[in-house]
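Q: Full structure from sequences and hints, please.
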Amino acid sequence: MTTTHPGNAGGDQPVDLDDPDLSRFDIVRAGAREDDIEIVHYEPQVVPGSKAERRLSRTVASFFLLTGASATAFLAIYIWWPWEYELGHGGDKWYTPLLGVTLGISLLGIGFGVLTWGKKLLPKEVSVQDRHEGVVNERDRTITGQTMLYMADELGVKRRPLLGVSLLAGLAPVGAVAAAPLVGGLISQPHKNNQMFTTGFAPMEGGQKVRLVREDGRPIRPADISAGGQITVFPGIDHGVSNKYADSPALLIHLRDADALEAREANVRIGHDDFMWGNFAAYSKICTHAGCPASLYEQQTNRLLCPCHQSQFLITDNAKPIFGPASRRLPQLPIFVDDEGYFVATSDYTETVGPDFWERP
Amino acid sequence: MKRRKFEMAAVPGNAARGVDDRFQVATPLRRLLNKVFPDHWSFLLGEIALFSFIVLLLTGVFLTFFFEPAMTEVIYNGSYAPLRGTPMSAAYASSLDITFDVRGGLIMRQMHHWAALLFMAAIVVHMLRVFFTGAFRKPREANWIIGSLLFWVGFLAGFTGYSLPDDGLSGTGLRIASGIMLSIPVIGSWLTSSIFDGEFPGTIIISRFYIAHVLLIPGLLLALIGAHLGLVFKQKHTQWPGPGRTNDNVVGERMFPRYALKQGGFFMVVFGVIALMAGLFQINPIWLFGPYEAWVVSAASQPDWYVMFLDGSTRLMPAWEIYIPIGDGYVIPPLFWPTVVLPGVLVGMSVLYPFIEARRLKDFRSHNLLQRPRDVPARSGLGAMAVTFYLVLALSGANDVIADKFNISLNAMTWGGRIGLLLLPPLAYFVTYRICLGLQQHDREVLAHGVETGIIRRLPDGRFVEVHQPLHREDGELEYVGWVVPKKMNRLGALGPAIRGFFYPIEKPAEAPVSPAPPVDSDTERSEISSGERR
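Residue numbers (this note's numbering), protein chains in the order written: chain A, 1 to 361; chain B, 1001 to 1535.
These are calculated hints, taken from the structure and not from any lab test.
Small disclaimer: the values here were computed from a predicted structure and weren't measured.
Accuracy of the hints is not assured; some may be wrong.
Unchecked claim - Derived coverage of chain B by chain A (criterion: at least 3 residues anywhere in the stretch with Cβ under 8 Å from a Cβ of chain A; other residues may be distant):
{"hint": "1", "region": "1029-1043"}
{"hint": "2", "region": "1074-1085"}
{"hint": "3", "region": "1118-1125"}
{"hint": "4", "region": "1275-1288"}
{"hint": "5", "region": "1303-1309"}
To be verified - Examples of chain B residues toward chain A, derived with CB under 10 Å:
{"hint": "6", "residue": "S1089"}
{"hint": "7", "residue": "I1187"}
{"hint": "8", "residue": "S1189"}
{"hint": "9", "residue": "F1196"}
{"hint": "10", "residue": "R1208"}
{"hint": "11", "residue": "Y1210"}
{"hint": "12", "residue": "I1211"}
{"hint": "13", "residue": "V1250"}
{"hint": "14", "residue": "P1257"}
{"hint": "15", "residue": "V1297"}
{"hint": "16", "residue": "G1329"}
{"hint": "17", "residue": "P1338"}
{"hint": "18", "residue": "A1403"}
{"hint": "19", "residue": "K1405"}
{"hint": "20", "residue": "N1407"}
Claimed, not checked - Some residues of chain A that are not near chain B, with every Cβ distance over 12 Å (derived):
{"hint": "21", "residue": "D26"}
{"hint": "22", "residue": "M151"}
{"hint": "23", "residue": "V157"}
{"hint": "24", "residue": "A176"}
{"hint": "25", "residue": "M204"}
{"hint": "26", "residue": "Q300"}
Where a beta carbon is used, it is the ideal one built from N, C-alpha and C, also for glycine.
A: See below:
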């Protein structure tokens, strides 16, 4: 008990608030006692009027003044600094850093000022409060329990079972009514127009084959890709190069002679005899694992790597997954060259494109 | 008639009386002002999350004024020249506008993103604190569950927010999310199709994510945070053991004014640090990623840190596909296990842990005193195991970057992760358990034999012994009370404290050992350092 305040209004007797000798601290302490709090230690950290107090006050004040200066700087920068974006290394590149620094300093100024005020200038104290948790009021528990049981009796669900049953039978549909618009509005048939199994490369109505085009929409001739090279191709239809046909993009690869031979043999093994055209093969770019574009092609090993989860596909073996979490090969797009010398898709992919799902046949 | 004199000094008193007449606040207000809070630095970790959340609300509201949650295609025509003329979604275009054409928009965006990262980080560190000190035990199981849920709701908030700008990187994340939903057995395709309204990406997902991100999820977060704080308030904070501290009291400071001032100051510091980070460290430069195009991605595309562990688990998962040969055949793709089952198991384990531990220890009492991690080796070991499991996954989420920077084979990184995921957690358990026992033993040793003084004494027979300063006079051992045992002489007040001051000393070195303040007894006299031989 190192209470430094004079006065001995203590004990368990309630203090007389009209007592003129009572200091304000005595009242505070008496109030705390009413909440079962005992202030056991209360000690000023600085002597009023001392040098230390003046020094600390100056510190706190300078923090607040720093905040003022920094906030003013923030406003000035916000208003007058050139902020509109320009290419190159203009002053606008400093706009955000300067705002951040001035705002940060002004907030830290308030923070440290208040912290210093609270931690250094206010008296240190140790107070002890009772938790009152172990004290279980059995009487109250009994009363509340009995009250609730009485309410149940009054309602008489037990005596009148019809009420309970009919209430349940009545309320359950109401709950369903609440859920129905939400579920009914959101639900969407996944296999509408067979959308999960078709892509933009499906032949158009009338059987016209779809051309392979570049990102800018131009069709592709075999001579456009050098041996070992590859290009991302899209269906040559309206909006073919857009997220509307997110499952369509394929990688058209011009294999070297030896690799092409190997790839063709692998194709024959699984009955994809005429999927390649010459040394060209096209595989879906959408990873069969999680749907990222498997876009990193390594010429030397003929591996295609998906950068999201590192699944690796061996192009010369029907794009079979050989490492990583993917479990299914990339679907191959059967291709040939039409009368005008451009690549077209013989048909759609013969396997399902994109991430796996439950009912994929 | 005489004009009544207006007394300025009586105004506050009268006003207060008026308020109390109407609302009867005097008693509850006194209780609030007087409420005692225990203090320890580790109790501030949760506050960082709370303060970050406030910053998130403030900056988030600003961003909504300018963001357009639509996937309609527009041609960008803003200030950022490299993307001018590019077709993109309205969402991405408006995000670019916030960045380049709204004055101060970039700093708001970056504050929002940094605050989100800090929010999640603070939740995790706070959760570790609560776990390792046993603060989740009865009566606080409900609050532990709410806290665990807060992480996952925060995770959803982060993911939906991250997806909104519809840039190249976030679109790829969304694509993976759609793949994850697709992988759920039986309902996968229905779920995905219902959320995206058709095939990925559809045209409505951004607007749906937007309302989830700005209304539904923040509402849920607010409710959970309110309940979390309300329970802390009602159940009163836990405290460390120490002099005068028991299971039935709270020893600390009254809430006002000092404690509240410190909290307010700390909020401003957190706010300030977020502002500094937002100004100085670039985060999520969406203008470099370009609009989302389903066929574009590059290596080293990493998600925000709190998603990394799921990315890692996905990378490490072997290609085990379950094929069910009924009818046309059904599949459970390998993606299902690390992204749906694993988080489910994690939620379940964290939610159930307090009950499992209580059952195992047959300990159903209420605990308001914290435990030092060393005193509960099995729990600390489990915690270390969980942290190691998490770290292996998180590092594996960046294994392509590590492989690239350190010239390691990518496949070796994957295999290292797979093996490490199985081997390292048990190893961490064992090591932590041993370290805990060692620390316990050292505490007991100091209590029994005293503090090492560093003074070497030569005995008549030529042996050298170190002189120990006993912590008490009487023979016999001091009992361990679950709190820090002083292990250095200056903790006993026997040596002067370190001299403070950075450039020059701001205080004089203590001349002699003055009033010692050990956490044990204060009225027993201390014997001087004399000999190492006791008894």
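Q: Are the hints correct? Go through all of them and say.
A: To see whether the hints hold, each was checked on the structure:
By the rule of at least three residues with a Cβ nearer than 8 Å to a Cβ of chain A, the coverage given for the region 1029-1043 of chain B holds, with 5 such residues. Here the region 1074-1085 of chain B counts 4 residues with a CB under 8 Å from a CB of chain A, which clears the bar of 3, and the coverage holds. Counting residues of the region 1118-1125 of chain B whose CB lies closer than 8 Å to any CB of chain A gives 0, which falls below the minimum of 3, so the coverage claim is violated. Counting residues of the region 1275-1288 of chain B whose C-beta lies closer than 8 Å to any C-beta of chain A gives 6; at least three are required, and the coverage claim holds.
Coverage of the region 1303-1309 of chain B by chain A is violated [criterion: at least 3 residues with CB-CB distance below 8 Å; count 0]. Against a cut-off of 10 Å between C-beta atoms, the interface hint on B/S1089 holds, since the closest Cβ of chain A lies about 9 Å away. With a least beta-carbon distance of about 8 Å to chain A, the hint placing B/I1187 at the interface is held under the 10 Å criterion. The interface hint given for B/S1189 holds, since its Cβ lies 4 Å from the closest Cβ of chain A, which is under the 10 Å cut-off.
Interface hint status for B/F1196: upheld, as the beta-carbon distance to the closest one in chain A is roughly 8 Å, under 10 Å. About 9 Å separates the beta-carbon of B/R1208 from the nearest beta-carbon of chain A, less than 10 Å, and the hint is met. Using the Cβ-Cβ criterion of 10 Å, the hint placing B/Y1210 at the interface with chain A is not satisfied: the shortest such distance is roughly 16 Å. Contact between B/I1211 and chain A, as hinted, is not supported at the beta carbon level, the nearest pair being about 13 Å apart and thus beyond 10 Å.
A distance limit of 10 Å between C-beta atoms decides the matter here; for B/V1250 the minimum to chain A is near 5 Å, and the interface restraint holds. For B/P1257, the interface hint holds, since its Cβ comes within 10 Å of a Cβ in chain A; the closest pair sits about 6 Å apart. Annotation: interface hint on B/V1297 holds; nearest CB of chain A at approximately 5 Å, less than 10 Å. Hint status for B/G1329 relative to chain A: holds, with the closest Cβ pair at about 6 Å, below 10 Å.
Among the interface hints, the one on B/P1338 holds; its C-beta lies about 8 Å from the nearest C-beta in chain A, closer than the 10 Å criterion. Restraint check, B/A1403 versus chain A: the minimum CB separation of about 9 Å is within 10 Å; hint holds. Given the 10 Å rule on beta carbons, the hint for B/K1405 is violated: about 15 Å separates it from the nearest Cβ of chain A. At about 16 Å, the closest approach between the beta carbon of B/N1407 and any beta carbon in chain A exceeds 10 Å, and the interface hint on this residue is violated.
The non-interface label for A/D26 is consistent with chain B: the shortest C-beta to C-beta separation is roughly 15 Å, beyond 12 Å. Every C-beta of chain B lies more than 12 Å from that of A/M151, the closest at about 25 Å, which supports listing it as non-interface. At the 12 Å boundary, the C-beta of A/V157 stays outside the reach of chain B, the nearest C-beta of that chain being 29 Å off. Remark: the non-interface label on A/A176 is consistent with the geometry, its nearest Cβ contact in chain B lying 18 Å away (cut-off 12 Å).
Its beta-carbon lying about 19 Å from the closest one in chain B, A/M204 satisfies the requirement of being farther than 12 Å from that chain. Distance check for A/Q300 against chain B: the nearest CB is about 15 Å away, which clears 12 Å, and the non-interface claim stands.
Violation of the numbered hints given earlier is confined to hints 3, 5, 11, 12, 19 and 20; the remaining hints are satisfied by the structure.
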